[in-house]
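Below are the chains, spelled out letter by letter.
Protein chains: 2
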Amino acid sequence: MSWYQVKGAEADTVISSRIRLARNINGYTFGKRLSAEDAKEILCQVEKALSEDYTRTDMDALSSVSARALVEQHLISPDFASLKAPRALFRNDKKSIYLMALEEDHIRLQCILPGLSLQDAYRLAAECDETLNEALDIAFDDKLGYLTHCPTNLGTGLRASVMLFLPAMTERRMIPSLQHQLQKIGLTIRGMYGEGSAAHGCIYQISNQITLGLSVEDILRNLEDAVGSIITKERALRKNVTDEAALLREDRCRRAEGVLHFAKCISSEEFFSLYRDVKLGICEGIITSITHETLNTLFISVMPAMLVQNESPAPKTALARDVLRAEFIKKALEVKPRG
Amino acid sequence: MSWYQVKGAEADTVISSRIRLARNINGYTFGKRLSAEDAKEILCQVEKALSEDYTRTDMDALSSVSARALVEQHLISPDFASLKAPRALFRNDKKSIYLMALEEDHIRLQCILPGLSLQDAYRLAAECDETLNEALDIAFDDKLGYLTHCPTNLGTGLRASVMLFLPAMTERRMIPSLQHQLQKIGLTIRGMYGEGSAAHGCIYQISNQITLGLSVEDILRNLEDAVGSIITKERALRKNVTDEAALLREDRCRRAEGVLHFAKCISSEEFFSLYRDVKLGICEGIITSITHETLNTLFISVMPAMLVQNESPAPKTALARDVLRAEFIKKALEVKPRG
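Protein sequence lines correspond, in order, to chains H and Y.
Take the first sequence: its position 332, counting from 1, is numbered 332 in this note's numbering, and each next residue is one higher.
Take the second sequence: its position 305, counting from 1, is numbered 305 in this note's numbering, and each next residue is one higher.
A couple of the hints might just be wrong.
Where chains are identical, the list cannot tell them apart; a pair therefore holds if satisfied intra-copy or between any two copies.
Unchecked claim - Below are the SDA-like pairs computed for lysine to any residue, each with C-alpha atoms no more than 25 Å apart in a straight line: (1) Lys264 to Leu124; (2) Lys239 to Ala320; (3) Lys330 to Gly285; (4) Lys94 to Ala305; (5) Lys48 to Ala318; (6) Lys264 to Ala245.
To be clear, the hints were calculated from the coordinates, so they are not data collected in a lab.
Bound conformation, chain H alone (with noise of 0.2 Å):
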């Protein structure tokens, strides 16, 4: 099962936790001169590489809508969907690793978890990582660590971040503060979905900016304790509310309940604040009819790209989008979560 698919820990304000490590192989330009051979060769030892668990898209061959809802799954970037270059995505039979040959560097290795996962996360990307440096000359530096195309990234070559979910904090303007403290620890925050419009999803996703000269554990365990104090203030902040305060929150939860359930067209705009009120809900015990996992699943679901994917004719306006989102909506929640 997909990282959206499966509750994962503190699911009231993390959605998921993503590693990535950067990687090149000795021998072969880094970058966008590497030759069109080059880059087939480099596609077939890391297949080589890589145990039978792992499957290989070759990115020319897929469509650009399929492209584009591989980064709407966040399982690939979105310069890797629209590079015209020989590239190719490797997928674990469990749906956790997640790598891109080809993109930035010659390898960026990504693990997503549900949840605040970091460490798991870690864990398993590591176990691939060894495979890697057992079958291939990775490019390493004694003095630098690991090598890669942009500087930013060397060293452990890890960009470790946590997609967080900040209603209370987002409603009471504290993440541009938020975004200045995080900067002085080497953290960073961006917003995700719809920020500064009508339509805020309140998704943020914090992350490592350092990647040379601390080691694996200080950046976990600085982006950890970023996250822990994060959650424990918007807690704090979602429950110390005025008794009107809660009931107008029930209100706009519920509320969005009832679009989901009765609206017969829904953009994807309208949909990010669907979510926040929903999940909100889900949250605050309003809402029961619905699961994170399942709000999560729908989320990705009905993205302009992965609702469309498997349509035949495609809808060809935005409104008959926005009809098939709300069909496709009305259908989902009809149907039993997962126990």
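Since chain H is already given, all that's left is putting chain Y on it; use the hints.
Here is chain Y on its own, set in the frame of chain H:
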């Protein structure tokens, strides 16, 4: 059953028909200068004149909330509710005749029926009027007809009115031109709820302005003809929409239905627009789980005074009333409508 609990003819455009006859008794002062003693005598005379099917309610015995609740059901005028002098409402068991004794005139005899039923309403009112004419010395002049306190009611003393639901004409901003046309033929139209605001109920009352020099038959026929062509126009406009407009209308209607089922608090202003969208949804076959009678009953029942009249303790804040309203609506929609 009250008028709003029964489905009438042309329920998609006509909510109710109303006949009002103004009558006065010879030998008593007309209007506000009437002494308290004379007032009591009149109330006694009217009570005696009416059959045992009628129940007398002395207005001074009612709480202000109960009086306002009668206004909200359109059974008495706002003036009648707030006057301080002795006055009484007489209602028949069948809940079709409502007689205000000592409003502006000594007697204001009203019959309200659901849907388009002016002739039936007039017939019932005329029956009661005959009873009164036999028992009382009703002020009548061979040249002027029935004498009334205000000269605008002289002659027939008849005000015939029809309450219409005109969402399509409203959306196309055709009401001002309709008003102009109606004026030319001695009719008047006025908006009933939330006119000019976002919470527009699209409910209008059309009635005759002229009572003198025309026969009852002429007045009724003139109004019926006008209403007939308005119904035709409104229906044609509702049908004449693009596929996209029809889809967006369906979306709006279904969302309103969703709000009725899911919202935690609903203001009376919001209810006007929900009523409009849900009623249109019923008319267009979009909403099948709610009937016109249920919705009309709901409309009357969630009016501010109707809503709280049986609540103890009465809700203290506007928000508490809005919560009560939402709860009432949810409960009412769970109950299956009468066959």
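Taking the hints in turn, this is what the structure says about them:
| no. | hint | in the structure |
| --- | --- | --- |
| 1 | Lys264 to Leu124 | neither (42 Å within a copy, 45 Å between copies) |
| 2 | Lys239 to Ala320 | between (40 Å within a copy, 21 Å between copies) |
| 3 | Lys330 to Gly285 | both (21 Å within a copy, 20 Å between copies) |
| 4 | Lys94 to Ala305 | within (23 Å within a copy, 61 Å between copies) |
| 5 | Lys48 to Ala318 | neither (43 Å within a copy, 70 Å between copies) |
| 6 | Lys264 to Ala245 | between (29 Å within a copy, 12 Å between copies) |
When the structure is compared with the earlier hints, violations turn up for hints 1 and 5 and for no others.
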